[in-house]
Amino acid sequence: MALFTCKYFCFIVALFAISLKLCYCHNKTHWNDAGITWYGEREGFGSSGGACGYGDAVAKPPYNCMISAGGPSIYQDGKGCGTCYEVVCHHPFCTKRPVKVMISDECPGCTKSAVHFDLSGRAFGALAKPGQGDQLRNLGELKVKYKRVFCEHPNSKIAIHIDPGANPYYMSFAVKFVNGDGNFECVEVKPAGEAYIKMEAMRSAVWKLNAGRALKGPFDVRLTSAVTKTVLVAKSVIPEKWNPGAIYHSHVNFAVPKFVHKKPVHHKPIHRKPIHHKPIHHHKPIHHKPIHRKPIHHKPIHHHKPIHHKPIHRKPIHRKPIHRKPIHRKPILRKPIHHRKPIHHKPIHRKPIHRKPCHH
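First residue of the sequence shown? That's 1 in the working numbering, and the numbers climb one at a time after it.
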């Protein structure tokens, strides 16, 4: 009974994990419920020291302060860094148009709702109608609809921001301005003259590699997106003589799939005139004329005359007699059989057995 209960509990936990994963994947057609708040300055970018490690880049193009901190179900222990979402508000102060934000920070205390976004002041105000941004912020918390979308940073290429604590023995960097999925399943680095080495995620947008030996540049960086599994290589993006804290720009970025949202087509109702069928009149019976056929006269069959075969006379075959030479065999002389002497067995004398009488 205890074993059955344990298996049932594990099954429930697995279903719960799958449901969380489904909420995290791209959803292009359905809007889901979420709660939102805001933090930082009213027109600010939230926090420059976000948990994802983007620094003050969130206040500059292409991010332009349109960022958000994510609750536990969105932040996903750092796996949600760089992902993008559309949020739409239906409050009377809101425009009811979706606003796109990128996850750059963590909100560990945002657990009041299953999904929560803690927007920057500017992103929260972007939901409001013109002139009503402060009134919307004063509400503090709202219920909204959200969905996962592809990130799109126009005219931007992927950049590698080297961690200030990196050195030849310890490589660490954050990947910025990523189109498409925004996050990665795998990040690999290729030192000069070596093969690709897999890096380790640091619960943020920063990836690290503790090689235990000095690595020489230039470095190639190979990125595998988390959802679409697209692979992109930034060739020699980190130069041979690199510096900790520096930002190096590549010449590549992920393509953004284009989705065409067609408006629903409303067809006008078609009014058809009723069809009046003419009554069906029964046809007169058809009387077919009898068909008179001429009789067929077959010719009589004449029997064939018997065929008399001539007898075949064959000449007798005279075979010559075969004269065989007589075979003279030598007589076989057998040795005489000597009779064996009779065997005389000695008589066996047994002692008489004296049995005791049985007394009843």
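Among the hints, erroneous ones may be present.
Label pairs and their in silico Cβ distance ranges [what the hints assert, rightly or not]: (1) P218 with W31: 41 to 47 Å; (2) K145 with E194: 26 to 32 Å; (3) V256 with V88: 17 to 23 Å; (4) K235 with V88: 37 to 43 Å; (5) V88 with K112: 16 to 22 Å; (6) H271 with K229: 29 to 35 Å; (7) V256 with E200: 38 to 44 Å; (8) E41 with K100: 17 to 23 Å; (9) W31 with K129: 48 to 54 Å; (10) E185 with P154: 44 to 50 Å; (11) R97 with E194: 48 to 54 Å; (12) A255 with S113: 45 to 51 Å; (13) E200 with K235: 30 to 36 Å; (14) K129 with K235: 46 to 52 Å.
Keep in mind the hints are simulated off the structure, nothing from the lab. Don't be surprised by glycine CBs; every beta carbon is placed ideally from N, CA and C.
Status of each hint after checking the structure:
no., hint, verdict
1, P218 with W31: 41 to 47 Å, "holds (45 Å)"
2, K145 with E194: 26 to 32 Å, "violated (48 Å)"
3, V256 with V88: 17 to 23 Å, "holds (20 Å)"
4, K235 with V88: 37 to 43 Å, "holds (40 Å)"
5, V88 with K112: 16 to 22 Å, "holds (20 Å)"
6, H271 with K229: 29 to 35 Å, "violated (53 Å)"
7, V256 with E200: 38 to 44 Å, "violated (28 Å)"
8, E41 with K100: 17 to 23 Å, "holds (20 Å)"
9, W31 with K129: 48 to 54 Å, "violated (20 Å)"
10, E185 with P154: 44 to 50 Å, "violated (25 Å)"
11, R97 with E194: 48 to 54 Å, "holds (50 Å)"
12, A255 with S113: 45 to 51 Å, "violated (34 Å)"
13, E200 with K235: 30 to 36 Å, "violated (23 Å)"
14, K129 with K235: 46 to 52 Å, "holds (47 Å)"
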